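Fit the two chains together into the complex; they arrive one by one in their own frames, and the hints show the way.
If you want the building blocks of each chain, they are given just below.
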Amino acid sequence: MRTNVNKKLITTLVIVGIFLVIFVLLGPFYILYEGQQSVLTRFGKIVNTETSAGLKFKMPLVDNVVIYPKKIISWDGAAQRIPTKENQFIWVDTTARWKIADPAKYYETVNTISNGLSRMNDVLDSSIRTIISENYLNESVRNTNKINNIKVEEQVQNLDNVEDAETLRNLTATQARQETISIGRDGLSQRMFEQAKQFTDAFGIELIDIIVRQIRYSDDLTESVYQRMIKERNQIAEAYRSYGRGQLAQWQGKTENEEKVILSEAYAKSETIKGIADAKAADIYAKSYNLDPEFFELWRTLESYRKTIPSLDKVLSTDMQYFNRLYGQDMGK
Amino acid sequence: MDTMQQPPRPARKANNISPKLVIWIIVAVVLVMLVLSSFFVVDQTEQSVVLRFGKYSRTVGPGLQTKIPLGIEASYNVPTQVVQTMTFGYRSSPSKGALYANPDYANESVMLTGDLNIIDVEWIVQYKIEDPVKWMFNVESRETTIRDISQSVMNKLVGDLPILSVMTSERTKIEVEAQAEMQKVFDTYGLGVRVVTVKLQNIVPPVGAVQDAFEDVNKAIQDMNRLINEGKQNYNKVIPSAKGEANKAIQVAQGYAAERVNQAEGDVARFNSVLDVYRQNKEITRTRLYIETMESIINPVEGGSVTLVDKNLSNFLPVQMLGGQK
Numbered sequence: 001m002r003t004n005v006n007k008k009l010i011t012t013l014v015i016v017g018i019f020l021v022i023f024v025l026l027g028p029f030y031i032l033y034e035g036q037q038s039v040l041t042r043f044g045k046i047v048n049t050e051t052s053a054g055l056k057f058k059m060p061l062v063d064n065v066v067i068y069p070k071k072i073i074s075w076d077g078a079a080q081r082i083p084t085k086e087n088q089f090i091w092v093d094t095t096a097r098w099k100i101a102d103p104a105k106y107y108e109t110v111n112t113i114s115n116g117l118s119r120m121n122d123v124l125d126s127s128i129r130t131i132i133s134e135n136y137l138n139e140s141v142r143n144t145n146k147i148n149n150i151k152v153e154e155q156v157q158n159l160d161n162v163e164d165a166e167t168l169r170n171l172t173a174t175q176a177r178q179e180t181i182s183i184g185r186d187g188l189s190q191r192m193f194e195q196a197k198q199f200t201d202a203f204g205i206e207l208i209d210i211i212v213r214q215i216r217y218s219d220d221l222t223e224s225v226y227q228r229m230i231k232e233r234n235q236i237a238e239a240y241r242s243y244g245r246g247q248l249a250q251w252q253g254k255t256e257n258e259e260k261v262i263l264s265e266a267y268a269k270s271e272t273i274k275g276i277a278d279a280k281a282a283d284i285y286a287k288s289y290n291l292d293p294e295f296f297e298l299w300r301t302l303e304s305y306r307k308t309i310p311s312l313d314k315v316l317s318t319d320m321q322y323f324n325r326l327y328g329q330d331m332g333k
Numbered sequence: 001m002d003t004m005q006q007p008p009r010p011a012r013k014a015n016n017i018s019p020k021l022v023i024w025i026i027v028a029v030v031l032v033m034l035v036l037s038s039f040f041v042v043d044q045t046e047q048s049v050v051l052r053f054g055k056y057s058r059t060v061g062p063g064l065q066t067k068i069p070l071g072i073e074a075s076y077n078v079p080t081q082v083v084q085t086m087t088f089g090y091r092s093s094p095s096k097g098a099l100y101a102n103p104d105y106a107n108e109s110v111m112l113t114g115d116l117n118i119i120d121v122e123w124i125v126q127y128k129i130e131d132p133v134k135w136m137f138n139v140e141s142r143e144t145t146i147r148d149i150s151q152s153v154m155n156k157l158v159g160d161l162p163i164l165s166v167m168t169s170e171r172t173k174i175e176v177e178a179q180a181e182m183q184k185v186f187d188t189y190g191l192g193v194r195v196v197t198v199k200l201q202n203i204v205p206p207v208g209a210v211q212d213a214f215e216d217v218n219k220a221i222q223d224m225n226r227l228i229n230e231g232k233q234n235y236n237k238v239i240p241s242a243k244g245e246a247n248k249a250i251q252v253a254q255g256y257a258a259e260r261v262n263q264a265e266g267d268v269a270r271f272n273s274v275l276d277v278y279r280q281n282k283e284i285t286r287t288r289l290y291i292e293t294m295e296s297i298i299n300p301v302e303g304g305s306v307t308l309v310d311k312n313l314s315n316f317l318p319v320q321m322l323g324g325q326k
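Protein chains in written order, with the working numbering: chain A, 1 to 333; chain B, 1 to 326.
Just so you know, these hints were derived from the structure itself, not from any lab. The structure presented is a predicted model; accordingly, all values stated were derived computationally and were not measured. Hints are not guaranteed to be accurate.
[Stated by the list, open to error] Only part of the chain B face toward chain A is listed, based on derived beta-carbon distances under 7 Å: (1) 56; (2) 187; (3) 189; (4) 209; (5) 210; (6) 235; (7) 244; (8) 246; (9) 293.
[As the list claims (entries may be wrong)] As a list, the in silico PhoX-like pairs of lysine-lysine whose alpha-carbon atoms are at most 20 Å apart: (10) B:237 x B:219; (11) B:55 x B:134; (12) A:231 x B:219; (13) A:260 x B:243; (14) A:56 x A:45; (15) B:128 x B:199; (16) A:8 x A:45; (17) A:56 x B:55; (18) A:105 x A:197; (19) A:260 x B:128; (20) B:128 x B:67; (21) B:199 x B:173; (22) A:269 x B:248; (23) A:254 x B:232; (24) B:248 x A:260; (25) A:99 x A:197; (26) A:151 x B:173; (27) B:184 x B:134; (28) A:8 x B:248; (29) B:232 x B:243; (30) B:232 x B:248; (31) B:237 x B:248; (32) B:184 x A:254; (33) A:260 x B:237; (34) A:269 x A:287; (35) B:184 x B:173; (36) B:134 x A:99; (37) B:20 x A:7; (38) B:67 x A:254; (39) B:55 x A:146; (40) A:274 x B:248.
From the three backbone atoms N, C-alpha and C, an ideal C-beta is built for every residue, glycine too.
Chain B on its own, in the form it takes in the complex (with noise of 0.2 Å):
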């Protein structure tokens, strides 16, 4: 420290820079560095994987981690809580959504089904870094190992099952199937990876005319509760009322029969008190009978003009206005 206190400075800053003052400042930066690069910083998300001489040491958690520096031991960051998503048959952005227009992604969600029909099957696979150590040195290509392996199963699955079954019921069963099968085939290599989840996407028939042709069944299965409703719909309209109909008319027959019993009792009820007094006096209630019944028919209080004609025409008497206004 002495020599940077030397005056006079200017008369040596030309040509004559002290040696010490060289040596100090290529140590300070030294130190500086070698020190900046003694730490690295792991991300909660992370785990890093500490090599020494290219061969493994440890692996560190998260925070402020030191190691030796001067490229002795190197550090690597694995992101092992991230669960991260794969996508088969289709790409998914997160400006855009969901893309599935380029025509190598349907290559790869093209699959044959057991009973020999084609289908389009799209899906996803989720997965975390387990083992940073295992990931970082056990296998080469490791996503194209992923994308690879899961293909395969998923075709070996979907080749297995009748196409309808695939459509529907079997859904679930492929997805549990396919993690366990890929968790698997994964454990052999020593990928350090672990399948979080496999999900189903799309599950169609090819685009266009067969689409359309399955879609038609569905139409058709439409198509077909119409026709039954439609059926159902006329009898409802029809049967109810007719039932109604039907009463009615048995109703009004009871009506009938009790009007015509009691007419009848009524009738004869009246016959027969008036038969009572006709035998006490025959011969003046049949002539009183008469008389009455004449008067009211001569002498209607409505209809009917009457005429009276006298055959002999010798007693002409003219009561032709007998009846009335006419």
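Chain A on its own, in the form it takes in the complex (with noise of 0.2 Å):
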């Protein structure tokens, strides 16, 4: 009896649970996502496709469901060696948004995703070459001509003198006008989009933008450009280290100067003190002694003995009037 039920029910069990199996497998039920849409075909023919998310329903065994993404995908093209129109090498890298605009198309044309992103290679890298090598480099590498608006001036500091700073400027300005740019990268990744969005759509794909990641110089011109930048900067260096050379010279001229300058100064002035105060002192003497100038012979002729013959070897003759009373009273006059 027992055993009986046992075997009924696990067989109603494995019975339910087969057909669950089936339901599940073989459903007229799925789910569709956020972000995703599907394309229903019935033997291969597309029957529906639908777009908005939720519990969608389809025939068991017979309906076949193609579920595509409905984000924006993004396609990342590898960076292309392109000459631009005056025949210089550029790496440009660049990427695309697209997404499944229409998913039947899409189904028809492409059917899988990496087949899209091939189809994109084959579309996308032919407008980028062709623009690219349509236009010169400046219309790539620049969006605005604000460069030209820009002022650039090198960090001149410490300098007394605003003339100097303003020479030191002139001569360390490496600002060349650049030339005009009548598109700029933006205005190109429009045009490729453009061009591209024309076999895109045949796919039913919308392609939403083509950027520009990123542009380089090809090696050797890389190379080149390195050269000229350091020339550039080996200029200014010199022009600094040559101003300060100069500014040297000049500090030791100008030391020279107002060395010599100041000394010849002070040297007049105290010459002039000297020989003012000398003719005062001659007028002085002279005023005083041309009251009497006999006396005056004497008084300094008198004088000066004193002051020069103490100190020589003297030999002296009795004739001197000093020695009149040296042999006696008669010896007198």
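Given below as structure tokens:
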């Protein structure tokens, strides 16, 4: 009795289980998540497309569901070496966004995501190449002309002299006027986009944008650009050094000049002072001595004797008036 | 529950499991699973997006949240409060700090400037997921998209400027513009991201000879300043001292002048006084002066010997010793 019940139960459970599995596998429902869309085919023929999320119905066994992303997908192009209009080779690295706008058409023409990416490769690579090589390098590098409005100056500091600072600035100025561009990077991206879009529309793909991720010089060009940059810097460095040497010389000259001026002015002034004093002294002497020239002669001579004679070795003759009385009273005059 | 208490248990154990028990166990397990799978935890830093049959149903905040189990509702936690950082031109790791070695990273940072020079720009982008629903369902490879757009915007901005401006004056402006422009692009994609900040890190000329040349300019500026200072140093060494010398010479001259005049005045005063006396007694004074002078001359206190010679030799007197000790 119990064994029978057990057997029945197990049988029922197994049958229910099998049905459940079949139901799940072939079931009439499938879940379409947010960010997905689907194409429903019946015997290979598209019968329906779903673009909104939710629980969706399909005919078991006969319907096949292909699920595509509805999200924006990024296309990452390999960097391409492309010549510009002036025949300079640059590496252009681009990327694009796209999404499946018409799943039915996409299913027909492309089918899988990886196919889609390779179609994108074909179309985008060619339009990027075309647009880049139709334009000058400047158009790819720059976006606007604002570079010509920017004033670039070396940081000239520590200079007392405004004029010198100006000279130095002129010497070290590296700003050359850049060519005016008319399209710019965004413009080129837009052109690539427009060109590629004509082709991608046919695949049920909506191209959202093409952007230039990076532009680099090709390797041999890089080397010569490096050389140019080095020379430019060298030139500026030399300007600074030379200016420094010039300033040193100028200071040396200034020093010598001022030193000589100061010392010679002092000499002139001191000699003048001395001269005036000499003259004044002479005047004083003359005025006084003129009162009695004869006495002056006597006085000054005797004064002078006092100064000069004592230090000499003297041989004196007794003829001197001073010795008149030396040999006695009679010897006098 | 009755079945569980029915004795005798051991007898049935081998081959007879009560079907009711099996059902109950299955039911219990299913129930437990249902209950467990209908709760989920959302962290304080997150928000959770709940889908019902794949369709967006609601967004819930932090805490213990419920959903319908059995796969009918699914929840996805999105870290909306966390500011995430992306680095360009280098990668940093918490243990080793910034890593620069890999040349792949360098490829991100090499750019052309508007004056067709080459420069290495490193920067970071910080962003926050603002709208978890958009973040989840609008864009396929989100990190790649953020990287691509950031690189492209930075390349474009640097490509518009001269190299020196990129390195110096325009830095902040680039950061601000990059942030705004990236935000604009992300908004058109509906990425659900807010760019918190863009910060430029190292901006240097290409490593090697070019960088050395840039360095050399700095050295040249130092050299220039050194030379100028040398000149000034010498000037300062010489000129103040020369000014002192000059002052000294003038002072000396003034001293001389005063001395000369005073001496003259002294001399004259003395002369005048004597002259007065002389005028009164000419003969006497003249003789006196003569004798006094001779006295002091011939009897010197120091120096010089005196030899007295009688020209006629008629009255020779040896007065050789008159001068003193010699």
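Problem set entry | Hints breached by this structure | 2, 7, 10, 16, 19, 20, 28, 30, 32, 34, 38 and 39
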